[in-house]
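Colleague: Sequence:
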Amino acid sequence: MPTQNTITTFILEKYKMIFVAALVLLSVFCSCKESVSISRDVILTPPGAKFIIPVISSTNAGTLIGNFQDTISLDQEVRNATGDFGIANLRDLKVTAMRLDLDTLKDHYSGNLENFTIEITSGNLKDTLAILENNSNSKNNTISIPVRSSTPRLREIMSSASFTYKITGKLRTATTVPLSATLTPTFTIKLSL
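Counted from 1, the sequence shown has number 185 at position 184 by the numbering used here; the numbering is strictly sequential.
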């Protein structure tokens, strides 16, 4: 019959073996470095940029329709939309929609803009965002403009403190009064930690 000391020693040896096995398993699991990547797509439509289309007497192609500065704090817009991501987490930036609203119609309307191109610049960087060709001659005040695929330059331009939109194109008829307008882009942003 085993003595009390023999039973106690046997139990302690079993606990020691279980403890060593647990340490080995723990060290194996801890040594496996698994990379966790968190990514998120965000669609942002910041407030539109208001500008004035001056009186334009030319109906030639390439006429300057608008040239105005805008500032969008992309970092703040991303933080407002996500709460935990910022500009440092930006991996890709694309313009996915562009809308032009004429705030004052009078006798002028969006159909008067036969075709136009929208560029964005900052310093020496330039990117063409949207091109509208053969706009319908309808009497409305909103135009959805087909966007071009964005380039890596767009990220650099949008990361700057301010940038300039330049709209050039061709009018069907000359304008006689300045027109108030708003240009509103929509961005799809890929973020990751």
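Be aware that one or more of the hints could be misleading.
[What the hints assert, rightly or not] Pairs of lysine to aspartate or glutamate, EDC-like flavour, derived with a Cα cap of 20 Å:
no.	residue 1	residue 2
1	Lys-51	Asp-93
2	Lys-171	Asp-93
3	Lys-167	Glu-134
4	Lys-191	Asp-76
5	Lys-191	Asp-93
6	Lys-51	Glu-120
7	Lys-167	Asp-93
8	Lys-191	Asp-85
9	Lys-140	Glu-115
10	Lys-51	Asp-85
11	Lys-171	Asp-102
12	Lys-17	Asp-42
13	Lys-167	Asp-76
14	Lys-95	Glu-14
15	Lys-127	Asp-42
16	Lys-51	Asp-102
17	Lys-140	Asp-104
18	Lys-95	Asp-71
19	Lys-95	Asp-76
20	Lys-167	Asp-42
21	Lys-95	Glu-115
22	Lys-191	Asp-42
Just so you know, the hints here were simulated from the structure itself, not pulled from any lab data.
Colleague: Holds or violated: Lys-191 and Asp-42, Cα atoms, limit 20 Å.
Modeller: 5 Å, holds
Colleague: Would the pair Lys-140 and Glu-115 pass a check requiring their Cα atoms to be no farther apart than 20 Å?
Modeller: Cα-Cα ~12 Å, so holds.
Colleague: Are Lys-167 and Asp-42 close enough, with their CA atoms no more than 20 Å apart?
Modeller: 28 Å, violated
Colleague: Within a Cα-Cα threshold of 20 Å, do Lys-191 and Asp-85 meet the stated pairing?
Modeller: Holds, because 14 Å separates the two Cα atoms, which is no more than 20 Å.
Colleague: Regarding the pair Lys-167 and Asp-93, is the alpha-carbon distance no greater than 20 Å?
Modeller: Answer violated: Lys-167 to Asp-93 is near 23 Å, above 20 Å.
Colleague: Does Asp-76 sit within 20 Å of Lys-167, going by the straight-line distance between their CA atoms?
Modeller: The hint is violated at about 23 Å.
Colleague: For the pair we were handed, Lys-191 and Asp-76, check the Cα-Cα distance against 20 Å.
Modeller: 13 Å, holds
Colleague: Taking 20 Å as the top limit, are the C-alpha atoms of Lys-191 and Asp-93 close enough?
Modeller: Cα-Cα ~5 Å, so holds.
Colleague: Within 20 Å, alpha carbon to alpha carbon, are Lys-95 and Glu-115?
Modeller: 25 Å, violated
Colleague: Between Lys-51 and Asp-93, is the straight-line Cα distance small enough, at 20 Å or below?
Modeller: 26 Å, violated
Colleague: Next pair to validate is Lys-167 with Glu-134; report whether the Cα-Cα distance is within 20 Å.
Modeller: 16 Å, holds
Colleague: Given the hinted pair Lys-140 and Asp-104, is their alpha-carbon gap at most 20 Å?
Modeller: The hint holds at about 13 Å.
In the structure shown, a violation is registered for the earlier hints numbered 1, 2, 7, 10, 12, 13, 14, 15, 20 and 21, in ascending order.
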